[in-house]
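A.B. asks: Here's the letter readout for the chains.
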Amino acid sequence: MVTIPVGELRVQSRPNPGEAWLADLLATLPALAGNSLLATQQQRCRQALAGEALPSRRQEAWRFTDASAITAIPAQPLQRQPAAAEAALPAPPANVLRLVLAGSGDPLQGVALPEGLERLESGALEELFGEALDANGAAAAWPVCLNGAVAGQVLALRVSQPVPTLLELVSDTGDAAGVQALRLLLVLDPGASLAVLEVHRARGASLTSVVLEARLGRGARLRHGLLAQGQSPHQPAVAQRPTSACAAPVLLHHLAAVQDPDSELELIAAVAGWGLARLEPLVLQRSGAASTRLRGLQRVDGSQVVDTHSRVLFSGPDGRLDQVHKALADGAGRSVFNGAVIVPRQAQRTDAAQLSRSLLLSDRARIDTKPELEIVADDVKCAHGATVSRLQQNELFYLQSRGIGADQAARLLLRGFCEEVLAELPAPAALWQPLALLMGEDPAP
Amino acid sequence: MIRPDAPVLLEICDLRASVEEQPILKGVNLTLRAGEIHAVMGRNGSGKSTLSKVLAGHPAYRVTGGSVLYRGDDLLALQPEQRARIGLFLGFQYPVEIPGVSNLEFLRVATNARRLEQGLEELDTFAFEDLVRERLQVVQMDPAFLERSVNEGFSGGEKKRNEILQMALLEPLVAILDETDSGLDIDALRIVAGGVNQLASADNATLLITHYQRLLDVITPDYVHVMAAGRILRTGGKELALELEERGYDWVDVEIERLEAAELEALAAAQGSRTPAEVG
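In order, the protein sequence lines correspond to chains A and B. Going by the numbering used here, the residue at position 364 of the first sequence is 364; the numbering climbs one at a time, nothing skipped. Going by the numbering used here, the residue at position 188 of the second sequence is 633; the numbering climbs one at a time, nothing skipped.
Hints listed in this document are in silico derivations from the structure and should not be mistaken for laboratory results. Since this is a predicted model, take the numbers as computed values, not measurements. One or more of the hints may lead you astray.
[As the list claims (entries may be wrong)] If you want the ones that stay clear, here's a sample from chain B, every Cβ over 12 Å from chain A, calculated: (1) V453; (2) K471; (3) T509; (4) S512; (5) E526; (6) R530; (7) V541; (8) A589; (9) S600; (10) I631; (11) D632; (12) A633; (13) S646; (14) V663; (15) W696; (16) Q716.
[To be verified] Covered by chain A, according to a simulated footprint, are these stretches of chain B (three or more residues, beta-carbon under 8 Å): (17) 492 to 504; (18) 558 to 564.
Note that CB positions come from ideal geometry on N, CA and C, so glycine has one too.
Please construct the entire structure, taking both the sequences and the accompanying hints into account.
C.D. replies: Below, the structure written as structure tokens:
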């Protein structure tokens with residue numbers, strides 16, 4: 001394949017860099033043959049994207065989020081340096097099943113799955129693929145289309161009973177440049193349970209696109225941790241138009257879940273270090289009467305942007321939601337949170353609570369946080385709150401009055417702020433040193 | 446214990462301070478020698494708590510005049526953390542809850558900051574755990590509180606015990622306890638006061654800030670000071686506290702009024718006597 005000097009091409013021949021980038025990407029993508037599920041999806045998504053641009057800030061859902069950082073990523077499939085990244089991963093602890101995701105090759109190849117966890121049979125895959133996205137109204141979302149256009153593979157698993165092993169899904173693009181798409185589907189049978197830790201790491205000019213669908217049968221339980229560790233190259237906070245030489249990694253993450261009654265879903269996400277990260281956790285309680293617990297923690301520094309758009313829809317009575325989203329904004333970073341909670345007429349006796357807590361650590365950083373509650377049912381409990389503050393002076397003074405220096409006191413408070421969420425990740429997450437990531441410190445060797 | 450030859454630990458001289466441009470302290474004088482226990486009493490708004498916060502270096506209070514010497518050195522020039530490291534301790538009236546920060550780690554970091562200043566070796570987690578378990582006995586505190594976040598979800602009594610535990614670990618030379626008795630039931634009061642008594646020695650000094658006599662039933666002060674309108678109005682022995690308990694604070698108003706009238710008069714006289722000279 002010939003590598004086209006993308007930057008020059010863009011400037012000279014096309015007025016819209018996003019449109020050019022997308023066209024270049026579509027032109028370089030290999031195509032799946034035949035009319036398999038994924039091949040059909042590819043064709044459909046590529047058609048949908050043809051002639052399109054990137055999400056624009058004129059669209060309400062992207063109002064605060066500048067997607068142009070994407071154009072600094074080489075418009076090509078991820079050029080992976082063979083074997084380099086994998087060697088750098090910490091060894092998995094006992095009782096953890098690690099699957100390394102690379103967007104190509106079969107991650108289940110040669111893997112002995114624990115009892116209760118199996119590859120989803122093709123009939124069920126045909127039936128359920130895309131269902132949770134559709135149900136959550138996300139099938140046509142730009143990041144989902146991009147994923148569909150690129151993905152050449154799907155990891156689909158059925159959970160048929162409680163599985164004590166933690167499933168660790170790891171992708172590390174290292175210094176590689178280009179676009180990678182991961183597509184996942186988890187089907188939890190009634191009464192089944194599973195804990196998952198999804199880890200994404202990237203340093204180079206790469207875009208990692210993830211679409212994960214989860215379907216929870218009656219009484220099923222899914223605890224899902226997401227640890228997204230980007231590593232941006234050091235660059236001035238006031239950046240000119242990004243170029244691929246100093247491009248920071250991009251993460252686009254959609255998680256669409258459908259819950260049956262009595263199921264329990266817990267999503268705990270910690271995100272930092274990406275030039276641009278957009279997370280969209282979407283949950284549908286199909287007949288209500290389920291329990292959803294969302295915890296989010298995101299940090300921006302430099303000129304980074306992290307945007308979480310969550311949406312929980314109750315389509316039946318007696319549903320519960322407990323959501324806490326936290327953000328730290330330093331440097332000239334921008335943190336966005338939009339939390340939609342939709343309670344239609346049939347969702348009586350819904351009990352939902354949403355809290356957004358943001359810490360503004362610099363004068364140049366920016367935080368946009370917006371709870372978005374649509375409540376039609378009249379017999380519900382829906383609480384929401386949002387705070388944006390600096391570090392609390394009384395907390396700082398208390399620590400200082402015990403001999404702890406101002407800098408260390410501030411660090412302790414920030415750690416405390418993060419720990420409240422990080423402590424809820426499945427225990428093996430400690431291996432990845434999530435606190436160092438969130439504090440913007442280099443992890444210990 | 447009063448020893449006239451004991452070294453002076455804290456010398457407050459004509460201390461004046463404001464919060465949000467509102468003068469609160471209007472000339473406080475107070476000297477603490479090693480071995481002494483002082484009680485400062487007074488009504489709400491008399492400036493007692495402000496005094497404690499100014500001494501500890503709270504950033505919301507601005508010193509507008511006077512001086513404070515700690516063992517002969519200027520205390521007010523130091524950052525709050527430096528004051529703590531050299532041996533000044535403030536027990537908070539309302540200890541602050543800090544979610545997500547482990548109490549044990551907080552205590553260890555604080556203890557090591559003080560030890561470093563004293564030229565002692567820092568304690569690793571194991572050595573510190575031994576020390577903290579020993580000091581827990583001072584306030585009969587359940588070790589389970591070490592595993593929780595700092596003061597988070599602690600009852601009023603537990604918070605105050607945690608304050609005295611910190612004092613036991615930091616071994617201050619001057620301990621200021623701001624309304625340590627507030628919000629305590631009689632058993633908790635006895636335990637907390639017992640801790641303070643255990644920690645008081647011939648080498649350190651304690652400044653108790655309180656509303657009520659009941660704390661002074663269990664901790665015997667050497668001096669009692671009555672504070673009003675930002676200054677110390679009267680100083681006496683422990684019997685002064687009993688007198689206050691009996692008479693209340695109403696006499697204070699009369700005295701303050703008289704004092705302020707006398708001051709105004711003196712001011713006017715000073716201006717009056719100066720003017721002809723200036724003219725001449």
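A.B. asks: Should the label of I631 (chain B) as a non-interface residue stand, given a Cβ cut-off of 12 Å to chain A?
C.D. replies: Fine: 27 Å to the nearest Cβ keeps I631 (chain B) off the interface.
A.B. asks: Decide, holds or violated, for the assertion that all CB atoms of chain A are farther than 12 Å from the CB of A589 (chain B).
C.D. replies: holds (17 Å)
A.B. asks: Take a quick look at S600 (chain B) and tell me if its Cβ sits farther than 12 Å from every Cβ on chain A, holds or violated.
C.D. replies: Holds, because the least Cβ-Cβ distance between S600 (chain B) and chain A comes to about 18 Å, which exceeds 12 Å.
A.B. asks: Q716 (chain B): least C-beta distance to chain A exceeds 12 Å?
C.D. replies: The claim stands: Q716 (chain B) keeps its Cβ more than 12 Å from every Cβ of chain A (closest is about 41 Å).
A.B. asks: Quick one: work out the minimum CB distance from E526 (chain B) to chain A and report holds if it exceeds 12 Å, violated otherwise.
C.D. replies: Not fine: 4 Å to the nearest Cβ puts E526 (chain B) too close to chain A.
A.B. asks: Say whether it holds or is violated: V663 (chain B) keeps its Cβ farther than 12 Å from all Cβ of chain A.
C.D. replies: Answer for V663 (chain B): holds, closest chain A Cβ roughly 25 Å.
A.B. asks: The output says W696 (chain B) does not contact chain A. Does that hold with a beta carbon cutoff of 12 Å?
C.D. replies: holds (35 Å)
A.B. asks: Is the nearest CB of chain A more than 12 Å from the CB of D632 (chain B)?
C.D. replies: Given that every Cβ of chain A is farther than 12 Å from that of D632 (chain B), nearest at about 26 Å, it holds.
A.B. asks: Far enough from chain A: is every CB of that chain over 12 Å from the CB of T509 (chain B)?
C.D. replies: Correct as stated: the minimum Cβ-Cβ distance to chain A is 20 Å, above 12 Å.
A.B. asks: Run the C-beta distances from V541 (chain B) to all of chain A and say if the shortest one exceeds 12 Å.
C.D. replies: violated (4 Å)
A.B. asks: Holds or violated: is the Cβ of S646 (chain B) farther than 12 Å from all Cβ atoms of chain A?
C.D. replies: About 20 Å separates S646 (chain B) from the closest Cβ of chain A, which puts it past 12 Å; holds.
A.B. asks: Should the label of S512 (chain B) as a non-interface residue stand, given a Cβ cut-off of 12 Å to chain A?
C.D. replies: holds (21 Å)
Consistency with the previously given hints fails for numbers 5, 6 and 7, ordered from lowest to highest.
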